[in-house]
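**Q** Here is what each chain is made of, one letter per residue.
There are 2 protein chains.
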Amino acid sequence: MPDEKADGADPADSLGRYLKSVRLGSKMTLRDVENATGREVSNAYLSQLESGKISKPSVHVLYALSTSLGVPYEALMERAGYIMPTGDPIEASNAAKKTTYSIDNLTVEEEKEMLDYLNYIRSKKR
Amino acid sequence: MPDEKADGADPADSLGRYLKSVRLGSKMTLRDVENATGREVSNAYLSQLESGKISKPSVHVLYALSTSLGVPYEALMERAGYIMPTGDPIEASNAAKKTTYSIDNLTVEEEKEMLDYLNYIRSKKR
DNA sequence: TTGCCTTGCTAAGTATATCAAGCGCGCTAA
DNA sequence: TTAGCGCGCTTGATATACTTAGCAAGGCAA
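If you read the protein sequences in the order shown, they are chains A and B. Going by the working numbering, the final residue of the first sequence carries number 341, and the count climbs one at a time with no gaps. Going by the working numbering, the final residue of the second sequence carries number 341, and the count climbs one at a time with no gaps.
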C-alpha cells in the first residue's frame, strides 16, 4: 500500500478499511459481525466489503453494519459514496451537467431553504 | 392481469405511484426527468420505477430524482423502504404519517411560488 | 391520406450486489 | 504426530438493478 493518499481518495477503499478497523477495534471476527447483524450480512460478503471488492452495498447492509458495529449510520453512508441530506461532499458528477429545467440540481442548502419557504407559505395560507 | 389493489400497502408500489404523481404534478415527461437528472436516470428506467417493476433503486438514483423533481430526499428513501437515521424502523404504515413533513402534495400555486423562490435565491447567490 | 415527432412503455442485454459452500492456514489438545 | 476447530477468504451461482434500442399509439402539419 505504498500509494496511499492522506485523504480518503478512493471511497470504496475507504469504506472497506474503515469497516475493518472498526471491527478489529471491537475485537470481532467476520462471523461475529454476521451473527450480530442477525445473519443479514454474511461473513463472506463482509470480507469482500472490507477488501474493497464491493463498492456500493445497499443501504440495508450499511444500516445493519452500523448498528452491529456501533458506528453512526451517516459515517458509513458517506464513505460508501452516498449523499446524506444534511450536507456533505458530493460526487462531482451532479454539478457537471446543467439543464435549465424547473427545479434542477438543487443543492442541499437550496433544498433546505425551499422547505422552509414552503412551510412559510403554507402557514401563511392556513 | 389487472389485479392491482386499491390500498397503498406495498411500499414499492407506493414509491412508484409517488414518483409518478410528483412528475405529473410538475407536468414533466419521462424524458424531461431523464434530462433533468443529467441522464443519470433513463426514461425507461424511470418508467419501470413508476410501474413498480423495480423496488429498490440505489440511493444515487433516489438522490438524482429527489433533486430533479424537487421532493425531499428522505421522502423517497422512506418510500423505497430504506431506513433514515432520524426515524426508526420504518414500515409502510409509518411512512404515510411521517411524510406529511415533506413537499408532498404540492398545489400548483405552491409549485409556482417555490419555483419563483428558487430563482430568487439563486440570483441572490450569484 | 402520408409523414414526422413525442409520449409511455417494453424487451433483451449487461453489470453488480449478495448468498452458499468450501478451501487453506494457524491454533490447541490429545 | 494427527484431529479438530475457528479464522479470513475465494469461488461460483443467483437475483436484481440498470442500459440501450426500439415499438405502438396519438397529435399535428402538409
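Be aware that one or more of the hints could be misleading.
No more than 27 Å apart at the CA atoms, straight line, and that leaves these computed lysine-lysine pairs for DSS-like [claimed, not checked]:
(1) B:271 <-> B:242
(2) A:242 <-> A:271
(3) A:271 <-> B:242
(4) A:271 <-> B:268
(5) A:235 <-> A:271
(6) A:268 <-> B:235
(7) A:235 <-> A:268
(8) A:268 <-> A:242
(9) B:235 <-> B:268
Because the hints were derived from the structure by calculation, they are not lab data.
**Q** Of all the hints given earlier, name the ones this structure violates by number, lowest first.
**A** 3, 6
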